[in-house]
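Please model the entire structure based on the sequences and the hints provided.
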Amino acid sequence: MMTKLFNDDHPPVSDDRKTTQFRVLYRQFLFRMVDLELLSASARGDISKLLGQFAALLLFLSSWLGLAILGFWDSEMPREAFIINAWGMEHLLISTMMLVVGLFAILSWDSTVPDRRDVLVLALLPVRARTLFLAKVAAVATSLGLTVAAFNAFTGFTLPLALAPTSASLLQLILSPARYRLIAAYWITMISAGGFIFCSVLGVQGLAAQLLARSQFLRLSALLQMAAFCLFLSVYFLQPSLATPHALMAAQNQHLLAWLPSYWFLGLFQELSGFTHPAVVPLAWRALTGLAIVGLGTAVAYALSYFRTLRKIVEEPDIVAGSRRHHWLPPFGNSLETALVQFSVRTLLRSRQHRMMLAFYLGIGFAIVILFMRTPRAQQQLSAANAPLLFSSFVIMCAWVVGTRIVFSMPLALRANWIFRLTEVRSAPEYLAAIRRPLFVLAVAPVWAASAALFLSIWPWRMAAGHLVVLGLWGMILAYFCLLGFQKIPFTCSYLPGKSFLHMAFLAALGLLLLIGKGVDFELRALHDPVSYATMLVILGIAVVLVRWRTVALATSDEAFVQFEEAPPTEVFVLGLYRDGVLPIEPRSN
Amino acid sequence: MLELRKVSKRFLGIAAVDNVSFRARAGEVTGYLGPNGSGKSTTMKMITGLIETTSGEILFDGERIQRNLIAYKQRMGYVPEEPHLYAHLSGLEYLVMVGQLRALAAKHTAERIDRLLMLFALHGDQHAPISAYSKGMRQKVLLIAALLHNPDLLLLDEPFSGLDVGTGLVLRSLIQELAARGKVVLFSSHELETVERVCSHVVILHRGKVVADDSIESLRTLMALPTLESIFSQLAVQQDTAAISREIADLIQA
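Chains as they are written, first to last, in my numbering: chain A, 40 to 629; chain B, 1216 to 1469.
In short, the hints are calculated from the structure, not lab data.
Some hints here could point you the wrong way.
When the alpha-carbon atoms are kept at most 25 angstroms apart in a straight line, the in silico DMTMM-like pairs for lysine to aspartate or glutamate are as follows [said to hold, decoys possible]:
(1) B:Lys1350 x B:Asp1379
(2) B:Lys1260 x A:Glu605
(3) A:Lys527 x B:Glu1392
(4) A:Lys351 x B:Asp1340
(5) A:Lys351 x A:Glu469
(6) B:Lys1322 x B:Glu1296
(7) B:Lys1260 x B:Asp1367
(8) B:Lys1322 x B:Glu1272
(9) B:Lys1398 x B:Asp1340
(10) B:Lys1260 x B:Glu1272
(11) B:Lys1221 x B:Asp1367
(12) B:Lys1424 x B:Glu1411
(13) B:Lys1260 x A:Glu598
(14) B:Lys1221 x B:Asp1340
(15) B:Lys1398 x B:Asp1367
(16) B:Lys1398 x B:Asp1428
(17) B:Lys1221 x B:Glu1272
(18) A:Lys557 x A:Asp568
(19) B:Lys1260 x B:Asp1429
(20) B:Lys1221 x B:Asp1233
(21) B:Lys1322 x A:Asp157
(22) B:Lys1350 x A:Asp157
(23) B:Lys1424 x B:Glu1267
(24) B:Lys1350 x B:Glu1408
(25) B:Lys1350 x A:Asp154
(26) B:Lys1260 x A:Asp154
(27) A:Lys527 x B:Glu1267
Rendered as structure tokens:
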């Protein structure tokens, strides 16, 4: 006998309820782009500060680019010439936009595919897979839309303003249809370019999820994420400047242009704006064709893989067993230092989020190096001591040390950190001394070793050794400086959003680059003059001693403790007054 | 001996543990019982030193634990209620790390880990990441980590959770064996049948207060009740279970 699945007590889910389910899931997915479990208890699950900082960074970038566009505007130049002259600026905006969206796609990599936790919780509820899928797509699209909007908040109006024909009066300025066409063209182009990059990433992800077993997909996924990151940065910084009619039409550049989507969307913008030029017509078509292929392909691959992944998550384990040979690591000092270094190495190797964050900082370092190495000065002789290579080694050391130190502050599995608290069988200063070891092993040592291999192979050994001593001292100064007041075991302390001051960090980075520039000039001279070199070593040595002394002094002070919970600075200073001099005044509980 | 003297813990003014006093002696297994939310795990966490008391003091072998927390932690082993572990490490890597953090001799610890993994039937999975472990396997890792340094005080919060029957029986004997060898064992569980078999002494907590602190035998005699379950129901449940279950069934059918 057939069982009646739905009865009066259990009717099928109505359309109204489906909408409610969608709304609830959409909100959940949207606000879970950041893992709330990593936040400090003081943050009370509030990620608004973190998202606010991210938006502020994009708005800051947009405002600078917007100002640059206004500065670029030249009212004296004939309009036709100005429009062609502006291609370079437009291409910069489009390629930067594509880089930002690409980085966003990489950072939200895990948020776009179903998560084991979601499946195990939601699969038991009467929620249709289609509702889950649509809620996820809507949440991702909203985040992407907000990213695009924040990045173009200023440039989206200043560029059309600069490109539009000059108006005699304010009324003309407001009523001019050309201006509105330019604004629409700009936003359509940017949304298309962003969508193209995002869909490309999603499509590759979907294809891999569709073709591979889940455990293989998870392993490959980590590699793909890293590869996409390197690809986006390399293309952005290494792509040649072809934004002129002559370069775009040159036969020898056509093969390259077929692989550079930022130029396709430059063509699309010209077409949509009405500035048709023979050089951009094929590019615009390529943009439209590419967008259609990627959009359609991604829609199919992502939708298929989403439903397949929902099933596979339940059927297959996330991680397969490893083998013994992959687990061995050497000792790194005493047992505590060894424990902390091995834990840090394993976390960095196995946690995708932490690896990506470190890659982000290294990417910034490499970007600066690439920009510097492309200058004519850098194209000169590399086989003798030269400023670009010296500069590059210092910059990479800075990016690696600072990046590693920042990544150390991001927790992994906060609920598991009780084991560190329970096994705290040594004094706090011993812990704080041991905490220094992972930074030296994971940041200073690899950069120094890689630099040693490079410089000893291309420079005379005396010159190379001289620079390596300086680089080692510089690395030590940086590492000790980064550890000033750092009282956390790597990856174990909760994260409190809103404590980083991006504008200050930006200014500090600029200052550091200037300092490195000056230092490189001095070192270049000093490498040929023993007296200057000895003076430089003495200065650096004193700096190492001072910064180490300060770090150790802070770590051995009476207030030193190992921090597991990030707390905001106290806003009320407790005076310690006592009623009648005896009884403490207890705070009132509400 | 472990001793709690008028220990209280308040969260935002609300007492989770209120004036709790009891003693857990060496050589016996002390059961620490109470319904959900009665303050058992909070007490356990205070005894481990993971959270501080609001008032009162905790003594081990006559000395306040806060006076020398480091020395105390060297003598204490703890199995928490929930198996939170670093899932990206393998079972072996996790245990080696615990040994290193406890400053145990590397060679001796490696041998001990190897033997314990064998005895807990985890040897074949020692290189697999903890994320791939079942709940019972995680519980075994927690047990090994708690026993690795031969602690004098063993705090077990729901240690049987997720264990298979065979390992459960081994653990039951092990707890008694360790107590017989002079360890202080404080054992918290909802499995009253196991508690009745393993423990000689029980402390029952209800709404943060101690409502019974005696040997099981004395409680049986005193309350004229046949089992620990009936004693517990009388002291800590204080509700008509049949009536509540009827009400729940009625409610979901309404």
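Status of the hints after comparison with the structure:
With a C-alpha separation of about 10 angstroms, the suggested pairing of B:Lys1350 with B:Asp1379 holds against the 25 angstroms cut-off. For a cut-off of 25 angstroms, the pair hint linking B:Lys1260 to A:Glu605 stands: about 20 angstroms separates their Cα positions. The suggested pairing of A:Lys527 with B:Glu1392 is violated, with an alpha-carbon distance near 39 angstroms, which exceeds 25 angstroms. Taking the CA atoms of A:Lys351 and B:Asp1340, the gap is about 23 angstroms. The hint holds against a cut of 25 angstroms.
Annotation: proposed proximity of A:Lys351 to A:Glu469 is violated, straight-line Cα distance about 46 angstroms (limit 25 angstroms). With a C-alpha separation of about 30 angstroms, the suggested pair B:Lys1322 and B:Glu1296 falls outside the 25 angstroms cut-off, and the hint is violated. Restraint check for B:Lys1260 and B:Asp1367: satisfied, since their Cα atoms lie roughly 17 angstroms apart, inside the 25 angstroms limit. Taken as a hint, the B:Lys1322 and B:Glu1272 pair is broken in the structure, with Cα atoms around 38 angstroms apart against an allowance of 25 angstroms.
Proposed proximity of B:Lys1398 and B:Asp1340 is contradicted: the alpha carbons are some 30 angstroms apart, above 25 angstroms. Note on B:Lys1260 and B:Glu1272: the hinted pairing holds, with a Cα-Cα distance of about 14 angstroms set against a maximum of 25 angstroms. The suggested pairing of B:Lys1221 with B:Asp1367 holds, with an alpha-carbon distance near 23 angstroms, which does not exceed 25 angstroms. Taken as a hint, the B:Lys1424 and B:Glu1411 pair is honoured in the structure, with Cα atoms around 21 angstroms apart against an allowance of 25 angstroms.
At most 25 angstroms may separate the alpha-carbon atoms for a hinted pair to count; B:Lys1260 and A:Glu598 meet this at roughly 24 angstroms. For a cut-off of 25 angstroms, the pair hint linking B:Lys1221 to B:Asp1340 is broken: about 45 angstroms separates their Cα positions. Simply put, B:Lys1398 and B:Asp1367 have alpha-carbon atoms about 5 angstroms apart, close enough for the 25 angstroms limit, and the pair holds. Using a Cα cut-off of 25 angstroms, the hinted pair B:Lys1398 and B:Asp1428 holds, with the two alpha carbons roughly 20 angstroms apart.
Among the hinted pairs, B:Lys1221 with B:Glu1272 is consistent with the structure: their alpha-carbon atoms are about 7 angstroms apart, no more than 25 angstroms. Taking the CA atoms of A:Lys557 and A:Asp568, the gap is near 17 angstroms; set against the 25 angstroms cutoff, the hint holds. A C-alpha spacing of about 23 angstroms is found between B:Lys1260 and B:Asp1429, which places the hinted pair at or below 25 angstroms, so the restraint holds. Between the alpha carbons of B:Lys1221 and B:Asp1233 the distance comes to roughly 8 angstroms, so the proposed pair stays at or under 25 angstroms and holds.
The straight-line distance between the Cα atoms of B:Lys1322 and A:Asp157 is roughly 43 angstroms, outside the 25 angstroms bound, and the hint therefore fails. A distance of roughly 19 angstroms separates the Cα atoms of B:Lys1350 and A:Asp157; the hinted pair therefore holds under the 25 angstroms criterion. Between B:Lys1424 and B:Glu1267 the CA atoms are separated by roughly 18 angstroms; this keeps the pair inside 25 angstroms, and the hint holds. Taking the CA atoms of B:Lys1350 and B:Glu1408, the gap is near 22 angstroms; set against the 25 angstroms cutoff, the hint holds.
Pair hint B:Lys1350 plus A:Asp154 holds up; C-alpha atoms about 20 angstroms apart against a cutoff of 25 angstroms. A threshold of 25 angstroms between alpha carbons decides the hint, and for B:Lys1260 with A:Asp154 the separation of about 32 angstroms lies outside it, so the pair is violated. Proximity of A:Lys527 to B:Glu1267 is assessed by CA-CA distance (about 20 angstroms); at most 25 angstroms being required, the pair is judged to hold.
Checked against the numbered hints given earlier, the structure breaks hints 3, 5, 6, 8, 9, 14, 21 and 26 and satisfies all the rest.
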